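Visitor: Next come the chains, spelled out residue by residue.
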Amino acid sequence: MTDKIISINRKLNGFLYPLLMLPLWIILYWNLNFISNYFIDNILNLSKGVHLTETLRFFIYEVPKVMLLLILIIFGVGIIRTYFTPEKTRKVLEGKSLFTGNILASLLGIVTPFCSCSAIPLFLGFVEAGVPIGVTFSFLIAAPMINEVALVLLAGLFGWKVAMIYISTGLIIAIFSGWLIGKLKLEKYVADWVFSIKSGKTEITEDKLSFYDRINNCYQAVKEIVGKIWLYIIIGIGIGALAHAYVPADYLSSILGSENWYGVPLAILIGVPLYSNAAGVIPIVSVLIEKGVSLGTALAFMMSVIALSLPEIIILKKVLKWQMIAIFIGIVSGGIIIVGFIFNYIGF
Amino acid sequence: MEIKVLGTGCAKCKSLEKNTIAAVEQLNLEAKIEKVEDIMEIMKYGVMVTPALVADNAVVVKGRVPSVEELKSILTQ
Numbered sequence: 008m009t010d011k012i013i014s015i016n017r018k019l020n021g022f023l024y025p026l027l028m029l030p031l032w033i034i035l036y037w038n039l040n041f042i043s044n045y046f047i048d049n050i051l052n053l054s055k056g057v058h059l060t061e062t063l064r065f066f067i068y069e070v071p072k073v074m075l076l077l078i079l080i081i082f083g084v085g086i087i088r089t090y091f092t093p094e095k096t097r098k099v100l101e102g103k104s105l106f107t108g109n110i111l112a113s114l115l116g117i118v119t120p121f122c123s124c125s126a127i128p129l130f131l132g133f134v135e136a137g138v139p140i141g142v143t144f145s146f147l148i149a150a151p152m153i154n155e156v157a158l159v160l161l162a163g164l165f166g167w168k169v170a171m172i173y174i175s176t177g178l179i180i181a182i183f184s185g186w187l188i189g190k191l192k193l194e195k196y197v198a199d200w201v202f203s204i205k206s207g208k209t210e211i212t213e214d215k216l217s218f219y220d221r222i223n224n225c226y227q228a229v230k231e232i233v234g235k236i237w238l239y240i241i242i243g244i245g246i247g248a249l250a251h252a253y254v255p256a257d258y259l260s261s262i263l264g265s266e267n268w269y270g271v272p273l274a275i276l277i278g279v280p281l282y283s284n285a286a287g288v289i290p291i292v293s294v295l296i297e298k299g300v301s302l303g304t305a306l307a308f309m310m311s312v313i314a315l316s317l318p319e320i321i322i323l324k325k326v327l328k329w330q331m332i333a334i335f336i337g338i339v340s341g342g343i344i345i346v347g348f349i350f351n352y353i354g355f
Numbered sequence: 003m004e005i006k007v008l009g010t011g012c013a014k015c016k017s018l019e020k021n022t023i024a025a026v027e028q029l030n031l032e033a034k035i036e037k038v039e040d041i042m043e044i045m046k047y048g049v050m051v052t053p054a055l056v057a058d059n060a061v062v063v064k065g066r067v068p069s070v071e072e073l074k075s076i077l078t079q
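Here the protein sequences come in this chain order: H and B. In case it helps, this note's numbering puts the first sequence at residues 8 to 355. In case it helps, this note's numbering puts the second sequence at residues 3 to 79.
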C-alpha cells in the first residue's frame, strides 16, 4: 500500500507538476506586462512619468520576467545536462585532432555540468586520458563563459539576437583560444607532476537514471541555482531600474561609446579583476548599453567578467605555471577585444 | 565502514560532509568519516567532479550533494 502511494507521489512529482506548471508559466509570462502596469497604475495608483514610478515599473516587470525565464531555461538545460557527464565528454574528446577537438570541446563545454571548483580534477582527468592541452582549454573557456544564466538574462533584457551573438562569439573565442594554445605547444608550462598522475580506476561507472530521476535532478538544479543568484538578480535589476530612470541617456557614450577605440580594452581591464557571475553583471551591462555604451564594449566587459575570474585563475595556478596562465589570459582577452571591436565596427 | 568525502574545499564539499555526518548519525553506523582535500589523493579515485563520496573504496556519489535521506539509502546499500 505505502509502496503504491510512494510510486504515485513519484509520478506526481515527475510528470504532472511540470505539466501543470507549464500553462501557468505561459499565462503569467505573456501577461506580465499587463499585470505589472496594472499593479503600478491601478493598485498603487502612482502618477505616470515620474522617476520613482518608472523605476518601480521597470523593477516590478523585470524581476519576475527574469525569474520566470531562469526557471524554465535552467529546467530545460538541466534535462539536457543529465545526458552528459564529464566522463562521457572525456571519452568523446580522447585522441581527437586539434581543430575538430577544439570545436567539440567548446560545444560540450556548454552542455556538460561544470562548476569552477571542479576545474582542477577535470583538467587532470582530461590530461591523463590523453586529451590534448589545447582541447582541454577550449572546454575550460567555454564551460563558464557560455551558461544558461547568461543566455536567459541576455535574451530577457536585450532579446534573442544578442543572446545568440553572445553564444556564437563565445564559442568562436573558446575554439580559437584553445586551438592557439594547442599550436603553441605549451605542455612545458604545465606543472610537472600533472603528467605523472595515474588515477586508480578509469572504468566509467554510469549512473542509470530514470526519467523521474532526471526531472528530480532538474528540480534540484533550479533550486540550487536560483537560490544562489536571486539576490544578485534583484540587486542588479534594482541598480538597473534606478539608472533607467535617473541617469541621463547619453551619460556614458562619450567615454565608452563606439567612436572611442580604447573603450573595449578599457572595459576588459576593468572586467578581468572583477569577479561576478552572469546574474550579477548582466543587469549592470543592460544599464551600460542603455546609457550609451556600445554593444561591442558592453559584450567585451561582460565576457571578461564571466570568463576570466581571479578565483578560477588562482585555482588553476595549482596545475599551471605562471607563464601558461599569462598566455591563457592574454589569448582569451585578445579574443574578447577582437569580438568587441567587430561589434562596435558593425554597429548593432 | 570507511567513508571519505572528496573535495578541494568548496561550499558544496562542506555541505556533502555535513549531510554525510548527519546520515551516519541517524543510521547509527559504525563509520570513520574522513575529509580528503589533497588533489593527488582525489585523483586516485578517478573522480573528475567534486564533491564525491567514497564508501569502502567505491565511489558512490560524484558531482552533487544528495539529501540526508538519499545518503541514508546510499550508505545502507
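Wrong hints could be hidden among the right ones.
Anything over 12 Å on all C-beta distances counts as not near chain H; from chain B, calculated [to be verified]:
{"hint": "1", "residue": "Lys14"}
{"hint": "2", "residue": "Ile23"}
{"hint": "3", "residue": "Glu32"}
{"hint": "4", "residue": "Ala33"}
{"hint": "5", "residue": "Glu36"}
{"hint": "6", "residue": "Lys37"}
{"hint": "7", "residue": "Met42"}
{"hint": "8", "residue": "Gly48"}
{"hint": "9", "residue": "Val49"}
{"hint": "10", "residue": "Asp58"}
{"hint": "11", "residue": "Lys64"}
{"hint": "12", "residue": "Arg66"}
{"hint": "13", "residue": "Glu72"}
{"hint": "14", "residue": "Leu77"}
Only pairs whose alpha carbons sit at most 30 Å apart, straight line, appear in this in silico DSS-like list of lysine-lysine [what the hints assert, rightly or not]:
{"hint": "15", "chain 1": "B", "residue 1": "Lys46", "chain 2": "H", "residue 2": "Lys195"}
{"hint": "16", "chain 1": "B", "residue 1": "Lys37", "chain 2": "H", "residue 2": "Lys72"}
{"hint": "17", "chain 1": "H", "residue 1": "Lys328", "chain 2": "B", "residue 2": "Lys14"}
{"hint": "18", "chain 1": "B", "residue 1": "Lys37", "chain 2": "H", "residue 2": "Lys230"}
{"hint": "19", "chain 1": "B", "residue 1": "Lys74", "chain 2": "H", "residue 2": "Lys325"}
{"hint": "20", "chain 1": "H", "residue 1": "Lys98", "chain 2": "B", "residue 2": "Lys46"}
{"hint": "21", "chain 1": "B", "residue 1": "Lys74", "chain 2": "H", "residue 2": "Lys230"}
{"hint": "22", "chain 1": "B", "residue 1": "Lys37", "chain 2": "H", "residue 2": "Lys190"}
{"hint": "23", "chain 1": "H", "residue 1": "Lys324", "chain 2": "B", "residue 2": "Lys74"}
{"hint": "24", "chain 1": "B", "residue 1": "Lys46", "chain 2": "H", "residue 2": "Lys103"}
{"hint": "25", "chain 1": "B", "residue 1": "Lys37", "chain 2": "H", "residue 2": "Lys324"}
{"hint": "26", "chain 1": "H", "residue 1": "Lys328", "chain 2": "B", "residue 2": "Lys46"}
{"hint": "27", "chain 1": "B", "residue 1": "Lys16", "chain 2": "H", "residue 2": "Lys325"}
Hints listed in this document are in silico derivations from the structure and should not be mistaken for laboratory results. Note that the structure is predicted; figures quoted are calculated from it, not measured. From the three backbone atoms N, C-alpha and C, an ideal C-beta is built for every residue, glycine too.
Visitor: For every hint, state whether the structure bears it out.
Guide: Each hint tested on the structure:
1. Consistency note on Lys14 (chain B): stated as away from chain H, yet its beta-carbon is not over 12 Å from all of that chain's, at 7 Å minimum.
2. Against the 12 Å criterion, Ile23 (chain B) stays outside the reach of chain H, whose nearest CB is about 20 Å from its own CB.
3. Once the 12 Å rule is applied to beta carbons, Glu32 (chain B) is consistent with being away from chain H; the minimum gap is 25 Å.
4. Chain H leaves Ala33 (chain B) outside its interface by the beta-carbon criterion, the shortest separation being 21 Å against a cut-off of 12 Å.
5. With a least beta-carbon separation of about 16 Å from chain H, Glu36 (chain B) lies farther than 12 Å from that chain, consistent with its non-interface assignment.
6. For Lys37 (chain B), the shortest C-beta to C-beta distance to chain H comes to about 15 Å, beyond the 12 Å cut-off, and the non-interface label holds.
7. Remark: the non-interface label on Met42 (chain B) conflicts with the geometry, its nearest Cβ contact in chain H lying 7 Å away (cut-off 12 Å).
8. The non-interface label for Gly48 (chain B) is inconsistent with chain H: the shortest C-beta to C-beta separation is roughly 4 Å, within 12 Å.
9. For Val49 (chain B), the condition that its CB be more than 12 Å from all CB atoms of chain H is violated, with the nearest at approximately 6 Å.
10. Asp58 (chain B), annotated as away from the interface, keeps every beta carbon of chain H farther than 12 Å; the closest lies near 14 Å.
11. Listed as a non-interface residue, Lys64 (chain B) fails to keep its Cβ farther than 12 Å from every Cβ of chain H; the least gap is roughly 9 Å.
12. A Cβ of chain H approaches the Cβ of Arg66 (chain B) within 12 Å, the least distance being about 8 Å, so the stated non-interface status is violated.
13. Distance to chain H contradicts Glu72 (chain B) as a non-interface residue, since its nearest Cβ pair spans about 10 Å, not more than 12 Å.
14. Once the 12 Å rule is applied to beta carbons, Leu77 (chain B) is consistent with being away from chain H; the minimum gap is 16 Å.
15. With a C-alpha separation of about 24 Å, the suggested pairing of Lys46 (chain B) with Lys195 (chain H) holds against the 30 Å cut-off.
16. Taking the CA atoms of Lys37 (chain B) and Lys72 (chain H), the gap is near 42 Å; set against the 30 Å cutoff, the hint is violated.
17. Taking the CA atoms of Lys328 (chain H) and Lys14 (chain B), the gap is about 27 Å. The hint holds against a cut of 30 Å.
18. A distance of roughly 26 Å separates the Cα atoms of Lys37 (chain B) and Lys230 (chain H); the hinted pair therefore holds under the 30 Å criterion.
19. Note on Lys74 (chain B) and Lys325 (chain H): the hinted pairing is violated, with a Cα-Cα distance of about 35 Å set against a maximum of 30 Å.
20. A distance of roughly 18 Å separates the Cα atoms of Lys98 (chain H) and Lys46 (chain B); the hinted pair therefore holds under the 30 Å criterion.
21. Only pairs whose Cα atoms come within 30 Å are accepted, and Lys74 (chain B) paired with Lys230 (chain H) is accepted, the gap being roughly 22 Å.
22. With a C-alpha separation of about 39 Å, the suggested pair Lys37 (chain B) and Lys190 (chain H) falls outside the 30 Å cut-off, and the hint is violated.
23. This hinted pair does not check out: Lys324 (chain H) and Lys74 (chain B) have alpha carbons roughly 37 Å apart, beyond 30 Å.
24. Taken as a hint, the Lys46 (chain B) and Lys103 (chain H) pair is honoured in the structure, with Cα atoms around 25 Å apart against an allowance of 30 Å.
25. Annotation: proposed proximity of Lys37 (chain B) to Lys324 (chain H) holds, straight-line Cα distance about 23 Å (limit 30 Å).
26. With a CA separation close to 23 Å, the supplied pair Lys328 (chain H) and Lys46 (chain B) stays within the 30 Å bound.
27. This hinted pair checks out: Lys16 (chain B) and Lys325 (chain H) have alpha carbons roughly 21 Å apart, not beyond 30 Å.
Hints 1, 7, 8, 9, 11, 12, 13, 16, 19, 22, 23 from the list above are not met by this structure, while the remaining hints are.
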